[in-house]
Amino acid sequence: MSDQKLDLEISRFVAAPRARVWKAWTDPALLKEWWCPRPWTTEVRAFDFRPGGAFHTFMSGPDGGESDNPGCFLDIAPQERIVFTSMLVGGWRPASPWLAFTAILTMADEGSGTRYVARVMHKDDAERARHEEMGFYDGWGACIAQLEEVARNIS
Numbered sequence: 001m002s003d004q005k006l007d008l009e010i011s012r013f014v015a016a017p018r019a020r021v022w023k024a025w026t027d028p029a030l031l032k033e034w035w036c037p038r039p040w041t042t043e044v045r046a047f048d049f050r051p052g053g054a055f056h057t058f059m060s061g062p063d064g065g066e067s068d069n070p071g072c073f074l075d076i077a078p079q080e081r082i083v084f085t086s087m088l089v090g091g092w093r094p095a096s097p098w099l100a101f102t103a104i105l106t107m108a109d110e111g112s113g114t115r116y117v118a119r120v121m122h123k124d125d126a127e128r129a130r131h132e133e134m135g136f137y138d139g140w141g142a143c144i145a146q147l148e149e150v151a152r153n154i155s
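Numbering (the working numbering), first residue to last: 1 to 155.
It is worth saying that the hints were derived from the structure and are not from the lab. Positions of the beta carbon are idealized from the N, C-alpha and C atoms, including for glycine. You can trust all of the hints, since none of them are fake.
Across the chosen pairs, the derived CB separations fall in these ranges: (1) Arg130 x Glu110: 29 to 35 Å; (2) Ala95 x Gly139: 19 to 25 Å; (3) Asp68 x Thr26: 18 to 24 Å; (4) Asp109 x Ala142: 20 to 26 Å; (5) Thr26 x Glu110: 16 to 22 Å; (6) Asp7 x Ser155: 32 to 38 Å; (7) Asp124 x Ser155: 42 to 48 Å.
Construct the entire structure; sequences and hints are all you get.
Okay, structure coming up:
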């Protein structure tokens, strides 16, 4: 993890307690409400929330666009960290994704809310640049805003 020039990172304050942010992330019914920028929608096809468990989302756009995203959870520290990758699927099986990355998501208390950091590591500069050009900061930023909206409304 020392080659940070291959990483993209976004950090945001989420105005919701960490327990609610965690719940919005770990409940597939809630995850599908914020996972991709609206008006796109998400279908959660697999969510085996444990190291080695499958994590598969399928996103659909209003113009007919689609994004199939199978992956695998690598590490979970309850209410602190979620690590997943597109390079493996459930059961640690190798994959050949359309976009190769590993994401490290951290959550920490900050005042009455949560500091949410998404660090996305890429295998090479070309993959990092492609992800950034696809709109990483705008897209992931929009999703974090939607995550905040969902987390604030959890009862």
